[in-house]
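Chemist: In the order they appear, the protein sequences are chains R and W. Counted from 1, the first sequence has number 376 at position 376 by my numbering; the numbering is strictly sequential. Counted from 1, the second sequence has number 521 at position 100 by my numbering; the numbering is strictly sequential.
Derived by calculation from the structure, the hints in this document are not laboratory data. Ideal Cβ placement from N, Cα and C applies to all residues, glycine included. Misleading hints may appear alongside valid ones.
[Said to hold, decoys possible] Lysine-lysine pairs mimicking DSS-like chemistry, simulated, CA-CA at most 30 Å apart: (1) K535/W to K236/R; (2) K501/W to K423/W; (3) K460/W to K57/R; (4) K423/W to K410/R; (5) K423/W to K416/R; (6) K175/R to K363/R; (7) K501/W to K25/R; (8) K173/R to K353/R; (9) K416/R to K501/W; (10) K77/R to K239/R; (11) K363/R to K396/R; (12) K503/W to K22/R; (13) K116/R to K236/R; (14) K503/W to K546/W; (15) K22/R to K565/W.
[Unchecked claim] Here chain W is said to cover these stretches of chain R; the calculated rule only asks that three of the stretch's residues, wherever they fall, bring their Cβ under 8 Å from a Cβ of chain W: (16) 291 to 300; (17) 374 to 386.
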Amino acid sequence: MKQFVIIGNSAAGIAAAEAIRKADKQSAITIISDEDYPAYCRCLISYYLAGQVLVDKILYRPENFYKENNITLLLNKKVERVDPKKNRLVCVDKAQIPFDALLVATGSSPKFPEVKGIKKENVFGLRTIKNATEIAERLPMTKTACVLGGGLVGLKAAYALSKRNIDTKVIVKSKQVLSQMLDFAAAGFVQRRLVEHGVELVLGQDAVEIIGEGEIKAVKLDSGKAIGCELVVVGKGVKPNIELVKDTGIKINEGIIANNLLQTSIPNIYTAGDVCESFDITVQAPSINALWPVAVEQGRAAGVNIAGGNIIYDGSLGMNALEFFGLAVVSLGMYKVPDKDPSYEELVLDNPKEETYKKIVLKNNVIVGVILVKKISNSGVFLSLMRKKADVSVFKNSLLDDNFGYPAIKDLMPDKERIYV
Amino acid sequence: MKQLLYEVKKCLGCRSCEVACALAHSLSGDLYKALDEEKLSMPRKKVLACGGKNYPVSCRHCEDALCVDACMAGALVFDKQKGQVLHDAERCVGCWMCVMVCPYGAIRPDIKDKMPLRCDKCKDKDEPACVKACPTRAVIEQEKAEVKK
Ligand SMILES: Cc1cc2nc3c(=O)[nH]c(=O)nc-3n(C[C@H](O)[C@H](O)[C@H](O)COP(=O)(O)OP(=O)(O)OC[C@H]3O[C@@H](n4cnc5c(N)ncnc54)[C@H](O)[C@@H]3O)c2cc1C
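Input sequences plus hints: build the corresponding full structure.
Modeler: So this is what it looks like as structure tokens:
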């Protein structure tokens with residue numbers, strides 16, 4: 001009987017625990033979290049803040065999950081350091097936890113910009129259910145709020161605040177929202193929707209100071225202008241939680257470096273999820289794709305391998321779906337051609353009247369990126385072409401058609417087709 | 422465990438299956454009344470033409486379903502006994518992650534209601550509506566084991 005320990009009780013940690021249990025009914029599994037909540041749907045905390053999801057619907061697994069799978073759950077326990085030489089963990093409360101194999105799935109935390117006043121009360125990140133609850137508790141005393149950052153989390157925060165009737169302004173350094181996942185044209189559709197629904201966007205300007213003694217009064221911009229508000233939410237991206245493995249011999253770069261078995265540089269220590277730096281299959285370089293489905297996929301593969309299996313993980317790709325006030329958008333892989341590189345090709349269908357936009361980025365007839373606005377049904381078909389690096393020259397001209405779909409690509413798929421006989 | 426198969430040679434692309442599917446998922450179940458319903462029922466199935474043939478596309482209820490992994494709301498599970506991916510509408514927030522990853526493009530986003538629509542094998546009925554409706558018997562319901570031989 002072995003002792004498997006998982007740090008992180010979220011997408012990656014739970015997927016790993018389930019995979020280990022599937023293969024190994026005997027060994028002990030311990031999951032550690034520094035939060036005080038059983039696993040919950042982290043991506044739903046903005047919906048919870050908006051009042052659209054109740055707290056009992058945010059749990060990711062049924063209440064009896066840990067018991068049923070014979071998993072020891074340690075909540076409110078922060079691991080301070082991993083000690084690979086002695087195969088044990090040292091916790092902040094001085095407890096020591098031994099392991100035979102370890103998964104580090106500690107996720108990431110909000111990045112706070114170095115802006116004067118950023119440490120003030122009522123400046124929040126939005127990462128945990130605790131954050132969401134704390135923000136919600138301030139709302140009765142809040143009329144106006146500023147969100148710093150026009151990325152996914154920033155916009156979701158703004159959406160939630162405006163649903164709660166808070167007058168919300170989003171301050172975005174770049175000239176468009178979602179610059180990490182959409183091109184200028186596609187971002188325009190999202191921006192129009194947000195503005196139509198009362199979310200104000202301040203584009204091309206950055207916050208330089210949060211003003212106020214005690215209570216927040218305003219956010220000062222680099223233009224010199226100040227925007228009055230009583231609450232600030234920071235959505236300026238995330239950084240992987242790697243402190244606990246620093247100077248332990250486990251190799252790190254931006255995140256913890258993983259090989260294609262999701263092992264770190266120490267063979268009995270694995271990593272998965274937002275903290276894991278694996279390989280990006282469209283960019284063809286080491287990278288972190290801090291996304292829920294990626295965390296699940298990596299967690300599962302790591303779990304299988306910890307239990308003695310042998311899953312080769314060939315990497316992830318950036319992908320996201322979003323929905324704002326009834327507008328659906330999907331972004332996959334390289335959503336714009338890198339610096340006008342002539343070896344890339346773009347297919348674009350832009351129909352502002354119908355509010356639809358489709359763009360496909362190709363390199364040597366292989367799809368490397370996709371953006372879809374409104375008509376998103378085919379996104380998974382494109383995604384599987386991207387994963388398989390399939391040559392699409394035969395149907396390149398019909399890729400943007402509404403009638404394009406799985407039947408056109410079925411012969412390229414490696415699995416034998418069993419449904420169409 | 423049953424599975425839907427399509428005998429492509431027989432499919433005329435008449436879309437009777439689409440109509441039957443929409444009807445089966447309407448409130449009234451009656452063609453004329455269904456057309457008057459406040460929210461028009463939509464088919465979970467779509468027939469796509471390709472290379473001179475017609476292919477009905479709908480959820481295959483994959484066992485290692487990518488949509489289940491991608492669901493960030495914990496609203497999808499693969500039910501082993503039923504051999505079916507089950508969708509919990511109450512938990513679903515309409516984030517479109519499932520639509521984004523389905524390799525068959527078989528999940529239809531109902532943008533208005535923020536609900537992904539997919540084949541539910543006509544849950545409690547003895548036979549799926551599309552099987553019944555197909556005039557050429559191109560839609561077949563079969564035990565999964567039989568398929569593998
Ligand atoms: C508001 C919001 C919206 C999002 N929307 C999307 C979306 O639309 N699509 C998408 O793909 N992704 C989205 N994400 C990102 C997604 O939530 C993450 O990619 C995912 O949660 C990563 O899972 P993980 O298991 O790697 O880590 P996390 O979910 O970050 O969990 C980390 C776990 O590690 C524990 N932990 C960390 N450090 C320690 C320590 N020292 N000791 C003990 N325990 C520790 C924590 O308690 C936690 O249990 C969103 C995130 C947020 C916050």
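Chemist: Does each hint hold? Answer for all of them.
Modeler: Evaluation of the provided hints:
{"no.": "1", "hint": "K535/W to K236/R", "verdict": "holds (27 Å)"}
{"no.": "2", "hint": "K501/W to K423/W", "verdict": "holds (12 Å)"}
{"no.": "3", "hint": "K460/W to K57/R", "verdict": "holds (26 Å)"}
{"no.": "4", "hint": "K423/W to K410/R", "verdict": "holds (22 Å)"}
{"no.": "5", "hint": "K423/W to K416/R", "verdict": "holds (19 Å)"}
{"no.": "6", "hint": "K175/R to K363/R", "verdict": "holds (27 Å)"}
{"no.": "7", "hint": "K501/W to K25/R", "verdict": "holds (19 Å)"}
{"no.": "8", "hint": "K173/R to K353/R", "verdict": "holds (28 Å)"}
{"no.": "9", "hint": "K416/R to K501/W", "verdict": "holds (22 Å)"}
{"no.": "10", "hint": "K77/R to K239/R", "verdict": "holds (20 Å)"}
{"no.": "11", "hint": "K363/R to K396/R", "verdict": "holds (12 Å)"}
{"no.": "12", "hint": "K503/W to K22/R", "verdict": "holds (19 Å)"}
{"no.": "13", "hint": "K116/R to K236/R", "verdict": "holds (15 Å)"}
{"no.": "14", "hint": "K503/W to K546/W", "verdict": "holds (14 Å)"}
{"no.": "15", "hint": "K22/R to K565/W", "verdict": "holds (23 Å)"}
{"no.": "16", "hint": "291 to 300", "verdict": "holds (count 5)"}
{"no.": "17", "hint": "374 to 386", "verdict": "holds (count 9)"}
In this structure, none of the earlier numbered hints is contradicted; all agree with it.
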